[in-house]
Amino acid sequence: MNIQRLFKRLKPGRGAVISIPYFWLLLFFLVPFFIVLKISFAEQDLAIPPFTSLMNLEEGGLLHLTLNLGNFDFILSDDFYAKTYLSSLQTALFTTLMCLLLGYPIAYAIARTDPARRNVLLMLVMLPFWTSFLLRVYAWMGLLNENGLINSFLLAIGVINEPLMLFHNDFSLYLVMVYAYLPFMILPLFSHLVKMDGRLLEAASDLGAGPIKAFFTITLPLSKNGIIAGSMMVFIPAVGEFVIPELVGGPDTLMIGKVLWNEFFDNNNWPMAAAVATVMVLLLIVPIAFLHRFETRQLEGKGNE
Amino acid sequence: MVDAAKQSASEKPYLSIANIVKKFGDTTAVDGVTLDIQRKEIFALLGSSGCGKSTLLRMLAGMERPTSGQIILDGQDITKLAPYDRPINMMFQSYALFPHMSVADNIAFGLKQDKMPKGEIDARVAEMLDLVQMRKYANRKPYQLSGGQQQRVALARSLAKRPKLLLLDEPLGALDKKLRQQTQLELVNTLESVGVTCIMVTHDQEEAMTMATRIGIMSEGQLLQVGTPAEIYDYPNCRFTAEFIGDTNLFTGPVVVDEPDRVEIEAAELGGRIWIDHGITGPKGMQVWASIRPEDVRVDRDPVAAGPNAAKGSVAEIAYFGSYSVYHVKLGSGKVLKAMVPVNRWHEANLEPPTWGDQVYVSWRADMPVVLTR
Numbered sequence: 001m002n003i004q005r006l007f008k009r010l011k012p013g014r015g016a017v018i019s020i021p022y023f024w025l026l027l028f029f030l031v032p033f034f035i036v037l038k039i040s041f042a043e044q045d046l047a048i049p050p051f052t053s054l055m056n057l058e059e060g061g062l063l064h065l066t067l068n069l070g071n072f073d074f075i076l077s078d079d080f081y082a083k084t085y086l087s088s089l090q091t092a093l094f095t096t097l098m099c100l101l102l103g104y105p106i107a108y109a110i111a112r113t114d115p116a117r118r119n120v121l122l123m124l125v126m127l128p129f130w131t132s133f134l135l136r137v138y139a140w141m142g143l144l145n146e147n148g149l150i151n152s153f154l155l156a157i158g159v160i161n162e163p164l165m166l167f168h169n170d171f172s173l174y175l176v177m178v179y180a181y182l183p184f185m186i187l188p189l190f191s192h193l194v195k196m197d198g199r200l201l202e203a204a205s206d207l208g209a210g211p212i213k214a215f216f217t218i219t220l221p222l223s224k225n226g227i228i229a230g231s232m233m234v235f236i237p238a239v240g241e242f243v244i245p246e247l248v249g250g251p252d253t254l255m256i257g258k259v260l261w262n263e264f265f266d267n268n269n270w271p272m273a274a275a276v277a278t279v280m281v282l283l284l285i286v287p288i289a290f291l292h293r294f295e296t297r298q299l300e301g302k303g304n305e
Numbered sequence: 001m002v003d004a005a006k007q008s009a010s011e012k013p014y015l016s017i018a019n020i021v022k023k024f025g026d027t028t029a030v031d032g033v034t035l036d037i038q039r040k041e042i043f044a045l046l047g048s049s050g051c052g053k054s055t056l057l058r059m060l061a062g063m064e065r066p067t068s069g070q071i072i073l074d075g076q077d078i079t080k081l082a083p084y085d086r087p088i089n090m091m092f093q094s095y096a097l098f099p100h101m102s103v104a105d106n107i108a109f110g111l112k113q114d115k116m117p118k119g120e121i122d123a124r125v126a127e128m129l130d131l132v133q134m135r136k137y138a139n140r141k142p143y144q145l146s147g148g149q150q151q152r153v154a155l156a157r158s159l160a161k162r163p164k165l166l167l168l169d170e171p172l173g174a175l176d177k178k179l180r181q182q183t184q185l186e187l188v189n190t191l192e193s194v195g196v197t198c199i200m201v202t203h204d205q206e207e208a209m210t211m212a213t214r215i216g217i218m219s220e221g222q223l224l225q226v227g228t229p230a231e232i233y234d235y236p237n238c239r240f241t242a243e244f245i246g247d248t249n250l251f252t253g254p255v256v257v258d259e260p261d262r263v264e265i266e267a268a269e270l271g272g273r274i275w276i277d278h279g280i281t282g283p284k285g286m287q288v289w290a291s292i293r294p295e296d297v298r299v300d301r302d303p304v305a306a307g308p309n310a311a312k313g314s315v316a317e318i319a320y321f322g323s324y325s326v327y328h329v330k331l332g333s334g335k336v337l338k339a340m341v342p343v344n345r346w347h348e349a350n351l352e353p354p355t356w357g358d359q360v361y362v363s364w365r366a367d368m369p370v371v372l373t374r
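Residue numbers (the UniProt record's numbering), protein chains in the order written: chain A, 1 to 305; chain B, 1 to 374.
Note that these hints are calculated values from the structure, not bench results.
Some hints here could point you the wrong way.
To be verified - Capping the alpha-carbon separation at 20 Å, the derived lysine to aspartate or glutamate pairs in EDC-like fashion look like this:
| no. | chain 1 | residue 1 | chain 2 | residue 2 |
| --- | --- | --- | --- | --- |
| 1 | B | 335 | B | 352 |
| 2 | B | 330 | B | 300 |
| 3 | B | 12 | B | 41 |
| 4 | B | 112 | A | 295 |
| 5 | B | 141 | A | 295 |
| 6 | B | 141 | A | 252 |
| 7 | B | 312 | B | 300 |
| 8 | A | 224 | B | 105 |
| 9 | B | 141 | B | 122 |
| 10 | B | 80 | A | 197 |
| 11 | A | 213 | B | 352 |
| 12 | B | 312 | B | 352 |
| 13 | B | 335 | B | 300 |
| 14 | A | 213 | B | 114 |
| 15 | B | 330 | B | 367 |
| 16 | A | 213 | B | 300 |
| 17 | B | 164 | A | 202 |
What the hints assert, rightly or not - If you want a taste of the chain B side facing chain A, the calculated C-beta under 10 Å gives, among others:
| no. | residue |
| --- | --- |
| 18 | 61 |
| 19 | 79 |
| 20 | 82 |
| 21 | 96 |
| 22 | 100 |
| 23 | 161 |
All values reported here derive from a predicted model rather than from experimental measurement.
Note that the Cβ used here is the ideal one computed from N, Cα and C, for glycine as well.
My request is simple: use the sequences and hints to build the entire structure.
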């Protein structure tokens with residue numbers, strides 16, 4: 001214990017370095033979240049800002065605290081919200097799965113190529129980021145449109161007689177979602193796969209495991225953390241995605257981002273929008289907490305036994 | 001013809017490596033190695049790094065495909081078999097234990113691939129754990145084990161399938177020196193108790209000499225000499241082997257006298273002739289090398305009779321090793337000759353041991369030098 005204290009005293013800069021990310025999270029995540037939480041308990045008001053304050057100091061020095069649970073009550077009672085949350089989670093989950101199925105072979109192939117080519121391939125994965133996200137979604141619109149490039153081409157060469165319905169439906173939604181989030185899956189997977197010791201596969205092969213068996217018994221379990229990291233990177237932003245469902249999704253696509261937008265900008269109901277956002281954060285925190293517990297359990301496992 | 005083939009088949013070696021070549025692009029890693037291994041042998045491939053010994057081992061394991069040549073194990077041509085189809089297992093350098101599996105699961109891995117019933121797997125794993133005395137660590141993960149324990153798990157894993165041939169790639173290379181010496185004999189005992197045929201690759205001559213029944217010296221992709229540790233040490237067949245195994249003094253010169261009872265070599269660096277009363281005869285004028293081990297060199301303070309196998313020099317360096325010292329004696333030609341002298345050599349003769357700069361006389365018996373032609 002004394003040694004630990006001495007160690008701390010010897011490195012005064014350590015605390016400062018560690019505090020930076022905490023300070024960042026506090027300032028840009030925790031404080032805004034509590035502001036949103038606060039608004040979610042207010043009532044809509046015709047004022048600036050457009051919601052009532054929670055605390056009022058009344059005559060006689062009485063502090064009046066008003067917590068309006070109506071927004072949450074409404075979210076829970078109207079099954080529209082439940083459906084929307086469910087549909088958001090489902091869309092995000094399906095996008096994540098597709099990204100994983102597509103991204104894993106890509107990440108694996110990049111990790112297995114020789115280092116000179118590897119950097120070029122990684123560069124290609126990241127290249128789309130050089131163009132604005134919005135622009136890329138608009139580009140997809142131009143491709144998938146009823147008289148977009150794909151339909152025009154297919155009509156011109158006579159493969160089809162009337163345009164295919166590629167746009168404003170689930171197909172276009174998932175296509176663009178997977179397209180947009182794929183790099184976030186590939187990069188963490190790659191960084192895990194590239195570290196894997198190739199001799200482990202040789203050892204598996206030596207012990208009688210064919211390539212497929214070796215993949216499922218060695219490569220896949222060892223890339224578990226990469227799969228978790230990549231899935232989180234895709235799943236969490238995908239749940240709240242607004243732009244893609246709005247621009248290329250079908251008219252009946254229910255996404256929580258869209259609901260938020262409607263409440264905030266169309267209905268000017270900030271407290272409702274804040275309540276919707278709060279529930280969404282809570283929905284996302286559950287899988288993160290689960291993951292965190294899983295990881296700490298693993299770390300503890302390393303210490304014990 | 002058929003009968004003859006059958007007959008010779010029964011006498012055939014257990015493992016037969018025939019004229020194996022492996023090329024990587026323009027470089028030839030293994031250059032025509034032919035080697036026969038008998039059942040239950042512990043054979044060591046010894047050579048410095050890049051000599052092709054690891055490539056040869058990897059071809060036996062099936063991880064590299066030979067450019068040409070043939071490998072026959074127990075009557076079966078395995079040259080083109082995939083690693084997972086070979087009755088061969090390997091203990092990898094730095095072990096390559098599966099980090100996400102327990103010790104028991106690592107050992108069971110190969111057995112599971114063979115679809116062995118679970119009860120049998122458990123029994124075999126227990127047997128292997130006992131063999132390497134790791135039973136109480138069965139549920140540990142590899143990172144929770146010391147280097148020596150990891151080595152034993154790796155050994156158990158490679159023996160679990162009862163392979164026809166066990167390959168060891170630098171088996172003790174990852175251990176520190178003290179542990180290595182202790183483990184060498186332990187490993188040999190285990191291998192002998194199992195009775196497995198074994199090929200190991202090492203760059204450590206002491207490890208090869210201690211563990212192997214036979215050694216093959218490799219250099220630049222070629223197998224230079226094969227023999228028991230004693231044969232290789234006492235009768236090296238080339239300069240590389242003589243210098244690689246142990247320490248030696250080499251002198252070169254033409255054969256000047258070739259009589260039935262001796263050969264004489266005119267060694268310029270010695271400033272005289274070397275007599276050898278055994279071994280080869282060769283045509284006069286042929287350039288040969290004579291290898292004289294430091295322990296065969298006698299050091300005297302008093303002049304010895306002038307003649308062959310003797311020279312005068314001064315002590316340039318003394319390395320003290322406790323029971324013996326190695327004297328570096330600088331000859332008139334500038335060549336330094338190493339002589340290993342037991343400490344009691346001087347006490348017994350009641351002499352003061354020579355010290356730096358002292359003039360000494362070196363000599364050796366005519367049956368000591370080994371003549372090398374390459």
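Here is what the structure says about each hint:
Taking the CA atoms of residue 335/B and residue 352/B, the gap is near 25 Å; set against the 20 Å cutoff, the hint is violated. Between residue 330/B and residue 300/B the CA atoms are separated by roughly 14 Å; this keeps the pair inside 20 Å, and the hint holds. Restraint check for residue 12/B and residue 41/B: the C-alpha separation of about 14 Å stays at or below 20 Å, so the hint holds. Distance check on the hinted pair: residue 112/B and residue 295/A sit about 28 Å apart at the alpha-carbon level, beyond 20 Å; violated.
At roughly 17 Å between alpha-carbon atoms, residue 141/B and residue 295/A fall within 20 Å of each other, so this suggested pair holds. A C-alpha spacing of about 51 Å is found between residue 141/B and residue 252/A, which places the hinted pair above 20 Å, so the restraint is violated. With a C-alpha separation of about 10 Å, the suggested pairing of residue 312/B with residue 300/B holds against the 20 Å cut-off. Our distance criterion of 20 Å between C-alpha atoms is met by residue 224/A and residue 105/B, whose separation comes to about 18 Å.
Proposed proximity of residue 141/B and residue 122/B is supported: the alpha carbons are some 18 Å apart, at most 20 Å. For the hint linking residue 80/B to residue 197/A, the alpha-carbon distance of about 25 Å lies beyond 20 Å, and the restraint is violated. Among the hinted pairs, residue 213/A with residue 352/B is inconsistent with the structure: their alpha-carbon atoms are about 72 Å apart, more than 20 Å. Only pairs whose Cα atoms come within 20 Å are accepted, and residue 312/B paired with residue 352/B is accepted, the gap being roughly 18 Å.
Among the hinted pairs, residue 335/B with residue 300/B is consistent with the structure: their alpha-carbon atoms are about 18 Å apart, no more than 20 Å. For the given pair, residue 213/A sits about 12 Å from residue 114/B by alpha-carbon distance, which is consistent with the 20 Å threshold. Annotation: proposed proximity of residue 330/B to residue 367/B is violated, straight-line Cα distance about 23 Å (limit 20 Å). Distance hint between residue 213/A and residue 300/B is unfulfilled; the C-alpha atoms sit about 69 Å from each other, more than 20 Å.
In summary, the hint linking residue 164/B to residue 202/A is supported, as the alpha carbons are separated by about 18 Å, within the 20 Å threshold. Interface hint at residue 61/B: satisfied, since its Cβ lies 6 Å from the closest Cβ of chain A, which is below the 10 Å cut-off. Given the 10 Å rule on beta carbons, the hint for residue 79/B is violated: about 17 Å separates it from the nearest Cβ of chain A. Using the Cβ-Cβ criterion of 10 Å, the hint placing residue 82/B at the interface with chain A is satisfied: the shortest such distance is roughly 7 Å.
With a cut of 10 Å, the hint placing residue 96/B at the interface with chain A holds, because the nearest CB-to-CB distance is about 4 Å. Checking residue 100/B against chain A by beta carbon gives a least distance of about 5 Å; that is within 10 Å, so the hint holds. At about 7 Å, the closest approach between the beta carbon of residue 161/B and any beta carbon in chain A falls short of 10 Å, and the interface hint on this residue holds.
Comparing the model with each earlier hint shows violations of hints 1, 4, 6, 10, 11, 15, 16, 19; every other hint is respected.
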